[in-house]
Each structure stands twice: as structure tokens, then as C-alpha cells.
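Protein chains in written order, with the working numbering: chain S, 10 to 121; chain U, 8 to 122.
Simulated from the structure, these hints should not be mistaken for laboratory data. Ideal Cβ positions, reconstructed from N, Cα and C, are used throughout, including at glycine. Incorrect hints may appear among the rest.
[To be verified] Derived Cβ-Cβ restraints for the label pairs, each shown as a range:
(1) S:P92 to U:E22: 38 to 46 Å
(2) S:A16 to U:D24: 16 to 24 Å
(3) S:D35 to U:G48: 35 to 43 Å
(4) S:G12 to U:G106: 43 to 51 Å
(5) U:K49 to S:N39: 20 to 28 Å
(6) U:N60 to S:R27: 42 to 50 Å
(7) S:A61 to U:V27: 38 to 46 Å
(8) U:E90 to S:E109: 16 to 24 Å
(9) U:T76 to S:T63: 17 to 25 Å
(10) U:A36 to S:A16: 16 to 24 Å
(11) U:K64 to S:G12: 36 to 44 Å
(12) U:P122 to S:S76: 45 to 53 Å
[To be verified] Facing chain S, according to a computed beta carbon distance under 10 Å, are these residues of chain U, among others:
(13) A26
(14) T72
(15) A98
[As the list claims (entries may be wrong)] The calculated lysine-lysine pairs, modelled on BS3-like cross-linking and capped at a C-alpha distance of 27 Å, are:
(16) U:K114 to U:K49
(17) U:K64 to S:K66
(18) U:K75 to U:K49
(19) U:K44 to U:K65
(20) U:K78 to U:K114
(21) U:K65 to U:K78
(22) S:K66 to U:K49
(23) U:K114 to U:K65
(24) U:K44 to S:K66
(25) U:K65 to S:K66
(26) U:K29 to U:K78
(27) U:K29 to U:K75
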Amino acid sequence: IAGITQAPTSQILAAGRRMTLRCTQDMRHNAMYWYRQDLGLGLRLIHYSNTAGTTGKGEVPDGYSVSRANTDDFPLTLASAVPSQTSVYFCASSAQENTEAFFGQGTRLTVV
Amino acid sequence: GENVEQHPSTLSVQEGDSAVIKCTYSDSASNYFPWYKQELGKRPQLIIDIRSNVGEKKDQRIAVTLNKTAKHFSLHITETQPEDSAVYFCAASRRMNSGYSTLTFGKGTMLLVSP
């Protein structure tokens, strides 16, 4: 692995189902982020973690949860998916605040 | 919280022309302003950034200017090329309740450079 990797790349999910999007980085970055990207709305922050063991809420956290058990991994969980969560999800990491953020390749999620 | 407005939403130019994208922000405490380029179907990638102690920064054909008093910053691309066609996002730092700074993004500008 080189950089930041997300899985799966795409998923179709039935409403009401639970889903975990995976994100792994090998750059030893302290900070990690989850964004959702919707047409015309740009990138909106869902949750973030500035260091292992701590997480914080972003602009649109409702319906999502995260954990940061170690430096490398930052999974995003949808406890009970709804159609409004249909989006492209990007994980990102940065060495520290106010430095370059490196994005994963994205996960296209469709909730039907 | 921080609010970032970005204009225009779409911009069409001829190859060789200059392109300018403008952003305004609301939080006077913001001190970091990056620009990201996202090609179709790809991930966003940083192209240039500027900090609040600098008024202008250049990197070859790309430049960014910052006016702290007016709370606006702009991306300038000179001698545009078809490969500059992409969506460009501006962002501004935002201090969260935790004390940590994250980024608030503008809604993006789709730049189309015609040969």
C-alpha cells in the first residue's frame, strides 16, 4: 500500500442495512477525515480524527459514526442507511492540521 | 462556523486564456487556504495553498492571492491548457470545538478549457 486506500470502491445498499466503509493510510499521518461529495454541494466534512483514540464531528455527522483505534485505520459506519446517504465518500489524511490533505480514491455508495 | 462561497460555478475559456476563480470566507480566524483540483472520476489533489501571513504565492502557471481584510482569495491560472479542465475547490481552515482545525470547502468551479 502506498498512500491512502478506501474499500469498497462502489456499493449498492438496501435502505436500513448497516455498512462500514474502510480507510487505511500508510503515511503515519496523525489526522484523518471523512467527506461526502454531492453534486453542487462540494465536499462536506462528516467526522474527523486529529490523532489515534480521538474523533470529532464535522458539518454533517448525523447517521454516521467513526472510530480510530490506531493511526492507520479510520472506518466510517452507517448504522441504518437511508437514500439521502447516497453519495461519493472520500477519506483523507494529513500529517497535522493546516497541511496538505491526501485523499483516497473514493467510495460510490448508492442506497436504494 | 466557517462559510466559504466560491464563484463562478462553471467557467469556460479558450486555450491560452487566463482563468480566475474567487472565494470568500466568513471566519476572520481562518489562516490556511488550499486549492484542490479534481479531474473527472478522480480524487481531489492539492495544487497550491497559502497561509494568512502571505498575500500572494506562485507556482509556474498557477497563483493564489489572499486579501485578509476583505476575506477573499483567488486562484489564477495563466496560459490555460486542455489538461487544466477539472473541478477546482477552494477551502478555508476552521477551528472546531475540539480546538483542532479542519477545512471547509467551497462548492467547486468546473473549468473547461477548449482547444
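Results for each hint:
1. S:P92 to U:E22: 38 to 46 Å: This hint holds: roughly 41 Å between Cβ atoms.
2. S:A16 to U:D24: 16 to 24 Å: 41 Å, violated
3. S:D35 to U:G48: 35 to 43 Å: For G48 (chain U) against D35 (chain S), whose Cβ atoms are near 24 Å apart, the range 35 to 43 Å is violated.
4. S:G12 to U:G106: 43 to 51 Å: 28 Å, violated
5. U:K49 to S:N39: 20 to 28 Å: 25 Å, holds
6. U:N60 to S:R27: 42 to 50 Å: The hinted range 42 to 50 Å holds for N60 (chain U) and R27 (chain S), with Cβ atoms some 46 Å apart.
7. S:A61 to U:V27: 38 to 46 Å: 41 Å Cβ-Cβ, so the 38 to 46 Å window holds.
8. U:E90 to S:E109: 16 to 24 Å: 21 Å, holds
9. U:T76 to S:T63: 17 to 25 Å: 35 Å, violated
10. U:A36 to S:A16: 16 to 24 Å: At roughly 37 Å between Cβ atoms, A16 (chain S) and A36 (chain U) fall outside 16 to 24 Å, so the hint is violated.
11. U:K64 to S:G12: 36 to 44 Å: 25 Å, violated
12. U:P122 to S:S76: 45 to 53 Å: 48 Å, holds
13. A26: 18 Å, violated
14. T72: Violated, because the Cβ-Cβ distance from T72 (chain U) to chain S comes to roughly 19 Å (cut-off 10 Å).
15. A98: Status holds, d = 8 Å.
16. U:K114 to U:K49: 17 Å, holds
17. U:K64 to S:K66: 32 Å, violated
18. U:K75 to U:K49: 32 Å, violated
19. U:K44 to U:K65: With Cα atoms ~16 Å apart, K44 (chain U) and K65 (chain U) stay inside 27 Å; holds.
20. U:K78 to U:K114: 17 Å, holds
21. U:K65 to U:K78: 19 Å, holds
22. S:K66 to U:K49: 26 Å, holds
23. U:K114 to U:K65: Judged against 27 Å, a Cα distance of about 23 Å means the pair holds.
24. U:K44 to S:K66: Distance of about 25 Å is within 27 Å: holds.
25. U:K65 to S:K66: Given pair K65 (chain U), K66 (chain S) is violated - Cα atoms ~34 Å apart, limit 27 Å.
26. U:K29 to U:K78: 11 Å, holds
27. U:K29 to U:K75: Given pair K29 (chain U), K75 (chain U) holds - Cα atoms ~14 Å apart, limit 27 Å.
Going through the hint list in order, the structure does not satisfy hints 2, 3, 4, 9, 10, 11, 13, 14, 17, 18 and 25.
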